[in-house]
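K.L.:
Single-letter residue listing:
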Amino acid sequence: MNTLLILFGNLLSSISRFFNLGSGSTWPGHITLFLNPNFIQQILEKNNLKIILIAGTNGKTTTGKLIQAILEGNNKKVFQNQAGANLLNGIASSLIFNSNLLGIIKKDFAIFEIDESTLPLILKEIINPDYIIILNLFRDQLDRYGEINTISKKWGDSIQHLPSKVTLILNADDPQVAFLGKSRPNTLYFGINPLKNKGEKFQHASDSIYCPNCNAKLTYKTICFSHLGDWACKECNYERPKKTFISSLHYPLSGTYNEYNTNAAILLTQTLGLKKDKITASLKDFKPAFGRQEILDINGKKIQIFLSKNPTGFNESLKTITNLNAKNLILLLNDRIPDGRDVSWIWDVDFEEFSSQFKNIVVSGDRTYDMGLRLKYAELKKFIIEENIAKAITIALSKMTNNETLYILATYSAMLEVRKILTGKKIL
Amino acid sequence: MKNYALTIGWLYPELMSTYGDRGNIIVLQKRCKWRGIEVEIRRLNVGFDEKQLTTCDMLFMGGAQDKQQQIVAEDLMKKREKLRRMIDDGIPGLYICGAYQFLGKYYKEADGTIINSLKIFDLFTENPGIRFSRQIGASAALVLNNKIIVGFENHGGRTYLGKKIKPFGKVIKGFGNNGKDQTEGAVYKNSFGTYFHGPILPKNPEFADHLIKLSLEKKYKKFPIHLSPLNDALELQAHRFALNAIKI
Numbered sequence: 048m049n050t051l052l053i054l055f056g057n058l059l060s061s062i063s064r065f066f067n068l069g070s071g072s073t074w075p076g077h078i079t080l081f082l083n084p085n086f087i088q089q090i091l092e093k094n095n096l097k098i099i100l101i102a103g104t105n106g107k108t109t110t111g112k113l114i115q116a117i118l119e120g121n122n123k124k125v126f127q128n129q130a131g132a133n134l135l136n137g138i139a140s141s142l143i144f145n146s147n148l149l150g151i152i153k154k155d156f157a158i159f160e161i162d163e164s165t166l167p168l169i170l171k172e173i174i175n176p177d178y179i180i181i182l183n184l185f186r187d188q189l190d191r192y193g194e195i196n197t198i199s200k201k202w203g204d205s206i207q208h209l210p211s212k213v214t215l216i217l218n219a220d221d222p223q224v225a226f227l228g229k230s231r232p233n234t235l236y237f238g239i240n241p242l243k244n245k246g247e248k249f250q251h252a253s254d255s256i257y258c259p260n261c262n263a264k265l266t267y268k269t270i271c272f273s274h275l276g277d278w279a280c281k282e283c284n285y286e287r288p289k290k291t292f293i294s295s296l297h298y299p300l301s302g303t304y305n306e307y308n309t310n311a312a313i314l315l316t317q318t319l320g321l322k323k324d325k326i327t328a329s330l331k332d333f334k335p336a337f338g339r340q341e342i343l344d345i346n347g348k349k350i351q352i353f354l355s356k357n358p359t360g361f362n363e364s365l366k367t368i369t370n371l372n373a374k375n376l377i378l379l380l381n382d383r384i385p386d387g388r389d390v391s392w393i394w395d396v397d398f399e400e401f402s403s404q405f406k407n408i409v410v411s412g413d414r415t416y417d418m419g420l421r422l423k424y425a426e427l428k429k430f431i432i433e434e435n436i437a438k439a440i441t442i443a444l445s446k447m448t449n450n451e452t453l454y455i456l457a458t459y460s461a462m463l464e465v466r467k468i469l470t471g472k473k474i475l
Numbered sequence: 003m004k005n006y007a008l009t010i011g012w013l014y015p016e017l018m019s020t021y022g023d024r025g026n027i028i029v030l031q032k033r034c035k036w037r038g039i040e041v042e043i044r045r046l047n048v049g050f051d052e053k054q055l056t057t058c059d060m061l062f063m064g065g066a067q068d069k070q071q072q073i074v075a076e077d078l079m080k081k082r083e084k085l086r087r088m089i090d091d092g093i094p095g096l097y098i099c100g101a102y103q104f105l106g107k108y109y110k111e112a113d114g115t116i117i118n119s120l121k122i123f124d125l126f127t128e129n130p131g132i133r134f135s136r137q138i139g140a141s142a143a144l145v146l147n148n149k150i151i152v153g154f155e156n157h158g159g160r161t162y163l164g165k166k167i168k169p170f171g172k173v174i175k176g177f178g179n180n181g182k183d184q185t186e187g188a189v190y191k192n193s194f195g196t197y198f199h200g201p202i203l204p205k206n207p208e209f210a211d212h213l214i215k216l217s218l219e220k221k222y223k224k225f226p227i228h229l230s231p232l233n234d235a236l237e238l239q240a241h242r243f244a245l246n247a248i249k250i
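As they're listed, the protein sequences go chains A and B. The first sequence lines up with residues 48 to 475 when you count with our numbering. The second sequence lines up with residues 3 to 250 when you count with our numbering.
Hints were generated in silico from the structure; no laboratory data involved. There may be inaccurate statements among the hints.
[As the list claims (entries may be wrong)] Covered, in the sense of this in silico footprint (three residues per stretch, anywhere, with C-beta under 8 Å from a C-beta of chain A), are these stretches of chain B:
| # | region |
| --- | --- |
| 1 | 56 to 69 |
| 2 | 96 to 109 |
| 3 | 197 to 203 |
| 4 | 230 to 240 |
Values in this document were obtained by computation on a predicted structure and should not be read as measured data. The beta carbon of each residue, even a glycine, is placed where N, CA and C say it ideally should be.
Build the full structure now, drawing on both the sequences and the hints.
P.N.:
Shown next as structure tokens:
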């Protein structure tokens, strides 16, 4: 039965790509799981893969790609589910694409990025992953995912049932994430050097600044961004885990959030026994995943796309491009299912802090007037509103010289649309 | 409008602001500023001195997650009497979602547990349990003077109004208080409770101005006070766009 499903799934995906209907990364898995709900378990049992799961609100795709680059640079064979195809169907699809007709996968590692709300379901299908990385938990698409306390409670419940041989790799700087490993054996922590954060203040969209253990307000020695930092509870003495991995190796991508992603990837690969210098070497020519700081060249002008899909992600993108001295900016807000139908969150983004330096701002997307209104109330003086994304790009490009970069901050579906416009290819 | 000043009390900005409700404060602040009305936002976090309440000419409180609401409930219960007197006295206020529910008599959990609330508004809220989904989606309601208010709802509780309180609006699209009786929100004296996020004020500038006007009139004991007009072309375009999206 599985042989037929694998054959059919691969065929479906080829047809989809041939007609440019998207890369067909979820449909084969979807149909397969409908016909055989045990497909994932059966295929994994047949193969001796090391399995790495990555969950968290922001940074899953980039962290997965970093790990893949390091492992491949050290002669391991690796496959991943496609970026964004992070529900059960996306994972089943990746198994279909990477196995032969007998269901044999000739790889050493499987890396799966997992949607926040799907993690408990996945842990029912993949009972014995080798590693689980949890990057962070921020408010994101509240209409779809629910509130973050609800998510972290569900995560806690499923992690409790994991065998202790599963290695948990957690962000120490995120109180609610760190709490998942409290008194659990075989848990490792990563973070970033707290001394680097001096002088940051709380952003408005800070979610977990109350103690996950006793509900008292946390105190922070230093704050990195949102609720990430060097935290401690004065009431119950629970604090940021002391033994936290903070590498200061070369970071291949800009932005503090990418230091977290990189440190998570390095901690995991060091745990696998890889040497520091070999890890660094394999990250030298790292190319970002599509839409995650990806750079495109359009007729001699540079465009860099920053997927920015929730308040924390948006703030960090704004901070990063400010440090890159950005002058030209497009903000794209869509409200389709993968973006979240509710756009209220743009009012939790701290646009007021970043108003001064941009000379050329265009807003566009399905909810362009909402974004325009947000900028108006942040008192940004000059910006152009253009409903059509292709036209918005043309307008922004026409206002800049050849050696400048156009930065595009976009929600998920808007990011895909931009890539389709600029490269002519559909991704998902 | 240079000779006017307002102090807006923002109840629990650190905890009760999950759904972009800060936008309401930004809108009130800027629409005062653009008219030359001096405005101060007083952030009232857990443990604030209740005397600060009486210095406020308008109050605002947003919604939050359950755990955060518990922390707030404990703190606000201690200040209940002062808050009740201000609301009874007609101090204007806007209370969104969780804050709105909390002004009522009680919140009944799915398992029957009753959580006492502030008992200022004549209403109660029930959570029907996980078999019923949260009421989520873009919404519109008709309020006084035949104005349409647009917003986005996301709530698990169903609220039922008593006899001593009026609904804020009549549901045109969405769920409103409970998905049954077509009422949305509540009005008591000059206090408004609503389930509409969005946030509610940016795309409904007339409602924002109504709150500012009420606050000025109350503070300066002058009726009526006319606000100087602002250019609301973008606000109204966003409002129209939101209505088009839900085919109204």
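K.L.:
What hints, given by number in increasing order, does this structure fail?
P.N.:
Those not satisfied come down to hint 2.
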